[in-house]
Amino acid sequence: MIALRDAAIGIEGRTLIAPATATIEAGRFVAILGANGVGKTTLLRTLSGGLRPLAGTVRIGDLDPAAVGPLERAHRIAFVTSDDAPVDGLSARDVVASGRYPFHRWWEWSEDAADTAAIDGALADVGMTGFSGRSFETLSSGERQRVWIALALAQEAPVLLLDEPTSHLDVRVAHEILALLRAQAKAGRTIVCAMHDINDAATYADALMLLGDRKMLAFDAPERVFTAALLERAYGIPMEIVRAASGAPRAFAIGNPYGADPGS
Amino acid sequence: MGVPIRLAGLLAIALLALVASLLVGGSFLAPGDLLYALAHPRANTDVVTILWQLRMPRVCIAAVVGAELAIAGALLQGLLRNPLVDSYLTGVSPGAAAAIALSVVAGVAAPALPAIGFVAGLGTAMLVAAFARRGAGLDAIRLILCGVSLSALFSAIVTLVLTRAGADYAAQILAWLAGSTAGRGWHDLFFTLPYAALGLAFALAAVPALNVLRLGETRATAVGVNVARTQWVILIAAALLAASAVAVSGSIGFVGLVVPHLARRVVGGDARALLPASALLGAALCAIADAASRSIAAPAELPVGVLLAFVGVPTFLYLYLNMQRARA
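Heads up: the sequence lines are chains E and Y, in that order.
Just so we're aligned, residue 1 is where the first sequence starts under the numbering used here, counting upward by one.
Just so we're aligned, residue 1 is where the second sequence starts under the numbering used here, counting upward by one.
Keep in mind the hints are simulated off the structure, nothing from the lab.
Quick reminder that beta carbons are idealized off the backbone N, C-alpha and C, glycines included.
Incorrect hints may appear among the rest.
Simulated restraints on C-beta separations [as the list claims (entries may be wrong)]:
1) D88/E to L174/Y: 36 to 42 Å
2) P86/E to L319/Y: 23 to 29 Å
3) A152/Y to G121/E: 52 to 58 Å
4) L84/Y to G61/E: 43 to 49 Å
5) E108/E to L84/Y: 52 to 58 Å
6) N36/E to F316/Y: 44 to 50 Å
7) A152/Y to A187/E: 29 to 35 Å
8) R5/E to A197/Y: 49 to 55 Å
9) L54/Y to D88/E: 40 to 46 Å
Far from chain E, some chain Y residues (derived; all Cβ distances over 10 Å) [what the hints assert, rightly or not]:
10) I141
11) F191
12) A297
Using the sequences provided together with the hints, build the complete structure.
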């Protein structure tokens, strides 16, 4: 369970999200939505313990993630960052095996049975079993994203944070990744995922946390967050809500392709 | 071929190199005499004296220094994710050289020089690290910039001393600068071993974190690596290893830069294999270079550092470029 109590989120003293209170129960899949620069990544970093809230408290279970070292955090929280540092000379399995770092003291250098089970299980969960020996550099963007998620799964942490895992991926791969996260939530993990595609978020997440206007505009079921007024406020562009054949809401920005500034 | 087999192969190469370098020198020892002398260290023959008092300590020092420099280079290359970094990155060698040069002209007795070189080398590394601090950890770019600029400063001091000092002093300083194991004995080896062991212990403690750091600092932190602490552990390990090497043999370049690359080609980038492989290759390379330095122009000696650069650099460039082409 993740709990924010009057937590103000920001970085270097600059508040991005005014004090907000929210609870994310175990086994839920929450998508964080909002415009670029609104504080999605900063919120994830605060949940991961890498940053402190500027006010209020953040708890993962009963743990204050910013009060403990990286090792203790890694047992509770796995964080798939959007960092794209190059990875040289490692196989897909080597990358996933890094997720077992928190389970070893510095002198324990070899993979034990629990490691093997966790690594191979994680590779299977993301559908990458056949790729374990492949060099990471030769993988496609979608395959790399699966490997990063497998690394996080191998960590066996109850909370999984992801920063835009489906950006740069084609439609099919993006849906496969989200379905995989959905399955992980069903298996009991708590998933918090920053996203750009609001319709994908509404399709797969249990709840949407909508950020904008320097605050948490909404934190509710997708049905209730999908109002033109809320989404317009968050993204600063006119929105239209339609119903898909399934009855699910879909939101579309009403563009202005031929020029004129909408304000004039 | 599995990594353990490759490591065993490197061990065999290192042992062969050690034995070979015991055989050659000012006079060639017959293998039979060598075996006799090895088995009877207290016998009173010329061969025993040559082997146990002259060659054995030098060969051991060369091997230890080679291993130290190679491990320090591998550690720093891994920490900074930069293949151009060598074991002297933090100014260990110029710092020690400046202190030695000043001590020589101040009339400090020769036996005290290794200790002075060690302290100055380690001190320079810590000074560079202090400048490169960012938060609890170290800034990689700043570390490189401070290392390079302090190195330039200390090299300038050495040059200044060399131009102002008399010919005798200059010769003594230059002999040290060139990097050599000539005239080193058991006491030099025993001086360096405790620091080498301490440096090695720090290095081994950093092995799992070093492996995860290959994913970058952000991802390493996410899986539980205390990056700031790891940076200090690795920096201290590398400084101890490089400073204790410099203290007994002067500045031997090339090993710390090149050996980790060769080792990576043989066993891959996993630190669990890379550090032992670097150590073995570094030891073999320095032992052979030391033997060559004793025998090529015997009875005169060529400095090991110069020899390594002359023979090693072209060989390395040839091998490396060929391998690159083979991969492409």
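Exercise for the section: Could you tell me which of the hints above the structure violates, numbers in ascending order? Expected result: Of the numbered hints, 5, 7 do not hold.
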